[in-house]
Amino acid sequence: MSIARRHLLALPALLSASPLLAQGAPVKVGTLLPLTGVAASAGGSAKAAIELAVELINTPQPDLASMPLMATSGFPGLGGRPLQVVIADQQGSPSVAQNQALRLITQERVVAITNGYQSGLVQTASAIAERHGIPYVTGEAVATNLTERGFRWFFRTTPIGPDIAAIYVEFLQSARVNGRPVTKVAIVNENTEYGTSIAEVIRRTAEARGIGIALQIPYAANSADVSAQVLQLKDAQPDVAIFISYTSDAILYARTMRAQGYRPPILIGDNSGFSDDNFVQTAGDIAQGIINRSAFDPSRPGSNSFKVNALYKARTGREMDDTTARIMQGFLVTCDAINRAGATEPAAIQKALRETNLDAGQLMIGYRGVKFDEKGQNSMASVLLVQLRGREYISVWPEATATAPLQLPYKGWE
Amino acid sequence: MSAATIPTAPRAAGRWVLGVAALAALLAWPLLVEDEFIQRIGALVMLSALSASAWNLVGGYAGQISIGHVLFFGCGAYASLLGFTWFEWAPILGAPFGIATSLLLALIVGSPTLRLKGHYFSMATIALAELARIVVVNTPALGGAVGVSGPAMPRSVLDLSFISPLPYYYIFGSVLAVLLLFTWWMSRGRMGFYLRAIRGQERAARSLGVPAQRYKLFALLVSAAFTSLTGSLYAAMLGFVDPDSGLGILLSVKMVIAAALGGAGTLFGPLVGSAILVPLEEMTNAAFGGGGTGITYVVYGAIIVLISRFAPGGLAEIWTWLRARGTRRGG
Numbered sequence: 001m002s003i004a005r006r007h008l009l010a011l012p013a014l015l016s017a018s019p020l021l022a023q024g025a026p027v028k029v030g031t032l033l034p035l036t037g038v039a040a041s042a043g044g045s046a047k048a049a050i051e052l053a054v055e056l057i058n059t060p061q062p063d064l065a066s067m068p069l070m071a072t073s074g075f076p077g078l079g080g081r082p083l084q085v086v087i088a089d090q091q092g093s094p095s096v097a098q099n100q101a102l103r104l105i106t107q108e109r110v111v112a113i114t115n116g117y118q119s120g121l122v123q124t125a126s127a128i129a130e131r132h133g134i135p136y137v138t139g140e141a142v143a144t145n146l147t148e149r150g151f152r153w154f155f156r157t158t159p160i161g162p163d164i165a166a167i168y169v170e171f172l173q174s175a176r177v178n179g180r181p182v183t184k185v186a187i188v189n190e191n192t193e194y195g196t197s198i199a200e201v202i203r204r205t206a207e208a209r210g211i212g213i214a215l216q217i218p219y220a221a222n223s224a225d226v227s228a229q230v231l232q233l234k235d236a237q238p239d240v241a242i243f244i245s246y247t248s249d250a251i252l253y254a255r256t257m258r259a260q261g262y263r264p265p266i267l268i269g270d271n272s273g274f275s276d277d278n279f280v281q282t283a284g285d286i287a288q289g290i291i292n293r294s295a296f297d298p299s300r301p302g303s304n305s306f307k308v309n310a311l312y313k314a315r316t317g318r319e320m321d322d323t324t325a326r327i328m329q330g331f332l333v334t335c336d337a338i339n340r341a342g343a344t345e346p347a348a349i350q351k352a353l354r355e356t357n358l359d360a361g362q363l364m365i366g367y368r369g370v371k372f373d374e375k376g377q378n379s380m381a382s383v384l385l386v387q388l389r390g391r392e393y394i395s396v397w398p399e400a401t402a403t404a405p406l407q408l409p410y411k412g413w414e
Numbered sequence: 001m002s003a004a005t006i007p008t009a010p011r012a013a014g015r016w017v018l019g020v021a022a023l024a025a026l027l028a029w030p031l032l033v034e035d036e037f038i039q040r041i042g043a044l045v046m047l048s049a050l051s052a053s054a055w056n057l058v059g060g061y062a063g064q065i066s067i068g069h070v071l072f073f074g075c076g077a078y079a080s081l082l083g084f085t086w087f088e089w090a091p092i093l094g095a096p097f098g099i100a101t102s103l104l105l106a107l108i109v110g111s112p113t114l115r116l117k118g119h120y121f122s123m124a125t126i127a128l129a130e131l132a133r134i135v136v137v138n139t140p141a142l143g144g145a146v147g148v149s150g151p152a153m154p155r156s157v158l159d160l161s162f163i164s165p166l167p168y169y170y171i172f173g174s175v176l177a178v179l180l181l182f183t184w185w186m187s188r189g190r191m192g193f194y195l196r197a198i199r200g201q202e203r204a205a206r207s208l209g210v211p212a213q214r215y216k217l218f219a220l221l222v223s224a225a226f227t228s229l230t231g232s233l234y235a236a237m238l239g240f241v242d243p244d245s246g247l248g249i250l251l252s253v254k255m256v257i258a259a260a261l262g263g264a265g266t267l268f269g270p271l272v273g274s275a276i277l278v279p280l281e282e283m284t285n286a287a288f289g290g291g292g293t294g295i296t297y298v299v300y301g302a303i304i305v306l307i308s309r310f311a312p313g314g315l316a317e318i319w320t321w322l323r324a325r326g327t328r329r330g331g
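Going line by line, the protein sequences match chains A and B.
Take the first sequence: its position 151, counting from 1, is numbered 151 in the working numbering, and each next residue is one higher.
Take the second sequence: its position 317, counting from 1, is numbered 317 in the working numbering, and each next residue is one higher.
Some hints here could point you the wrong way.
[Claimed, not checked] Calculated cross-link-like contacts (lysine to aspartate or glutamate; reagent style DMTMM-like; alpha-carbon spacing at most 25 Å): (1) A:Lys371 <-> A:Glu207; (2) A:Lys313 <-> A:Glu51; (3) A:Lys184 <-> A:Glu399; (4) A:Lys411 <-> A:Asp277; (5) A:Lys307 <-> A:Glu130; (6) A:Lys375 <-> B:Glu88; (7) A:Lys28 <-> B:Glu34; (8) B:Lys117 <-> B:Glu130; (9) A:Lys375 <-> A:Glu345; (10) A:Lys234 <-> A:Glu207; (11) A:Lys28 <-> B:Asp35; (12) A:Lys375 <-> B:Glu130.
[What the hints assert, rightly or not] Ranges of calculated distance between the beta carbons of each label pair, as one might list FRET restraints: (13) B:Leu306 <-> A:Asn222: 26 to 32 Å; (14) B:Leu31 <-> A:Ser227: 58 to 64 Å; (15) B:Glu34 <-> A:Glu55: 32 to 38 Å; (16) A:Arg368 <-> B:Pro279: 45 to 51 Å.
[Claimed, not checked] So these bits of chain B aren't anywhere near chain A, every CB distance computed over 10 Å: (17) Val20; (18) Trp29; (19) Arg40; (20) Trp89; (21) Ser111; (22) His119; (23) Ser122; (24) Ala145; (25) Val146; (26) Met153; (27) Pro165; (28) Trp184; (29) Ala204; (30) Pro211; (31) Val299; (32) Arg309.
In short, the hints are calculated from the structure, not lab data.
Cβ coordinates follow ideal geometry from the N, Cα and C atoms, glycine included.
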């Protein structure tokens with residue numbers, strides 16, 4: 001493309017950001033989200049969070065001054081240039097994700113790409129970024145293999161399978177059902193990458209620590225009926241049922257269990273679907289006491305999580321869920337690295353990402369910190385367990401950081 | 001028909017000039033555009049034209065509407081990436097195995113159902129494709145619902161892993177050229193006339209001695225082989241396939257729509273259809289960003305309605321009609 005045309009293409013963007021022109025041209029970051037397809041609901045929440053992040057970075061936020069880039073406007077390391085995000089819809093398709101990654105790099109000239117949501121799509125999109133030498137940061141995709149590919153431009157802030165399995169198993173080892181230790185665990189997982197990989201890592205971790213998985217039920221997330229699966233659980237009578245589901249199937253399970261009057265002593269709903277505000281609003285009343293993992297606990301007033309959640313709620317009318325918070329944190333870490341790089345060259349940003357060393361106080365989420373290992377995985381990522389009370393998840397385990405004591409057995413609709 | 005095949009000398013010369021100019025434009029334009037995203041859309045147009053042209057052999061020329069062609073596409077894509085996963089082969093080396101599997105499946109689905117009249121063939125193809133998807137979802141050795149990946153980093157040029165979309169454009173374009181040459185050769189020969197006769201009125205064709213069953217099956221086999229090769233090329237470029245992207249019914253539908261929009265049963269119809277649909281799909285996404293979500297599918301739906309209502313023969317029909325009007329006015 002000729003230089004003249006490139007400038008013409010950039011013109012609308014410049015015009016729309018004209019009040020910011022004084023500080024220089026905006027720095028563009030590309031974000032891939034699922035705005036259509038099965039994950040559109042989560043994509044919508046994430047989009048609002050990313051837009052909130054841009055606003056927070058571009059305007060001074062003295063209230064959040066402990067987090068990088070909040071006290072100032074734009075990127076101080078780049079002479080105050082403002083941030084501009086280009087959000088692209090990956091439509092839930094690996095091919096579209098790759099096309100859009102290429103468009104962000106070659107047409108929008110973004111300095112980094114973030115997020116991506118589904119692991120399979122992050123895989124194809126990040127391959128394009130790797131070939132073009134552009135940093136790719138995901139804050140939410142959990143498939144273990146993503147950081148096992150030997151990529152040099154790929155970074156991940158979220159806790160992954162082994163971190164998640166560890167907390168569940170530690171919890172199950174300490175939990176008591178009718179005064180005796182947990183012996184019989186059932187896993188019900190949706191059968192794509194997310195459900196399969198999490199189920200597998202929980203099984204391995206549990207068996208390594210002497211807790212057997214008595215029953216595993218994989219199912220398709222788009223099923224219209226799950227009564228057969230619930231009947232199977234009812235027959236097996238496990239001490240603990242662990243569900244790994246997306247939103248619509250999570251709601252369907254809660255309703256089917258209510259209809260069949262089945263309640264396991266301990267019910268764990270892993271993150272994705274169960275954290276979605278749609279689940280809490282639609283099925284929360286019949287899933288009281290469900291235990292979930294989360295890295296995001298907005299229940300302590302004064303914490304960064306609390307403040308960011310309040311801003312998000314003012315904007316959208318909804319609570320920020322864990323997945324959305326992890327997405328936003330991944331995006332913020334990327335912006336912090338761009339600022340520290342002091343330049344928009346990809347290599348400088350890559351170097352800054354590798355040198356990232358944020359402590360817990362500089363985050364909006366409950367990780368111990370952000371520091372990438374040689375594979376690009378955040379070695380300080382961690383999770384805690386939360387329990388649904390009313391329409392809110394409250395942190396209950398580990399006890400040291402808990403806001404409220406754990407309540408067992410699972411109440412459901414009572 | 002005969003009038004078209006024996007053109008007068010000056011008109012034939014004009015056609016040659018037009019053809020050479022079109023070919024030169026197809027070869028040259030990606031080099032003139034520096035924008036890689038546009039080049040990539042060009043490569044995707046070629047890929048879509050490949051699968052739609054392969055479908056066109058059996059769906060357009062022979063009039064046997066398959067809505068399960070993704071089955072063959074999936075065979076190719078999975079053979080490529082499973083070859084890598086199991087034996088660390090370059091993805092494209094799996095292509096012959098994909099083609100072999102596709103031919104076998106085409107025989108299985110075609111032999112019984114092509115004997116039947118009407119929609120049984122369409123139904124059987126849908127059923128088999130969905131069956132294959134469900135089997136793959138539930139078979140961990142085939143990647144299950146998670147899918148299979150290609151090499152994370154290119155190891156040699158055989159991996160067909162390029163930074164620039166240009167090599168893909170020319171590779172896909174070359175295969176398309178071979179397929180179109182075959183189609184052209186076939187449509188002018190005995191087989192082409194047989195297939196059109198079958199499409200027109202199968203019973204009449206049979207009574208004139210056309211071995212309908214054999215020719216329909218042959219068209220299906222060639223079509224399956226090329227569709228499978230398209231799948232392998234797709235997998236080599238993308239490096240990832242899962243049941244939805246490799247065996248989802250939407251892909252079958254896209255092949256049908258691209259061919260029908262351009263003109264099913266015409267040589268260049270699928271290419272024209274793809275050249276309209278693929279950019280439309282990518283550009284709407286770019287233009288609306290996060291705003292106009294789902295607009296692509298609205299456009300798809302509108303196109304289906306408009307074609308079936310006003311031009312069941314696709315754009316080729318409109319073109320023929322316009323030319324006929326022009327000739328009448330001119331003469």
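Decide if the proposed pair is consistent with the structure: Lys375 of chain A and Glu130 of chain B, CA atoms, cutoff 25 Å inclusive. Violated, because 38 Å separates the two Cα atoms, which is more than 25 Å.
If I take the minimum Cβ distance from Ser111 of chain B to any residue of chain A, is it greater than 10 Å? At about 31 Å from chain A, Ser111 of chain B clears the 10 Å cut-off, so the statement holds.
Would the pair Lys28 of chain A and Glu34 of chain B pass a check requiring their Cα atoms to be no farther apart than 25 Å? holds (21 Å)
25 Å Cα cutoff - pair Lys375 of chain A, Glu345 of chain A: holds (21 Å)
Ser122 of chain B: least C-beta distance to chain A exceeds 10 Å? Given that every Cβ of chain A is farther than 10 Å from that of Ser122 of chain B, nearest at about 24 Å, it holds.
Please check whether the beta-carbon of Arg40 of chain B is more than 10 Å away from every beta-carbon in chain A. violated (6 Å)
Does Val299 of chain B clear chain A by more than 10 Å, comparing its Cβ with all Cβ atoms of that chain? Holds: least Cβ distance 13 Å, greater than 10 Å.
Can the suggested window of 58 to 64 Å be confirmed for the beta-carbon pair Leu31 of chain B and Ser227 of chain A? Roughly 60 Å apart at Cβ, these two residues keep to the hinted range, so it holds.
Holds or violated: Lys184 of chain A to Glu399 of chain A, with C-alpha atoms at most 25 Å apart: Status holds; Cα separation ~24 Å.
Given hint Asp35 of chain B paired with Lys28 of chain A - CA-CA distance at most 25 Å: holds (18 Å)
Status of the given 45 to 51 Å range, CB of Pro279 of chain B versus CB of Arg368 of chain A: Taking Cβ atoms as reference, Arg368 of chain A and Pro279 of chain B lie about 47 Å apart, which means the hint holds.
Against chain A, does Trp184 of chain B keep a CB gap of more than 10 Å to every residue? Given a closest Cβ separation of 29 Å, the condition holds.
Checked against the numbered hints given earlier, the structure breaks hints 1, 5, 12, 19, 24, 25, 26, 27 and satisfies all the rest.
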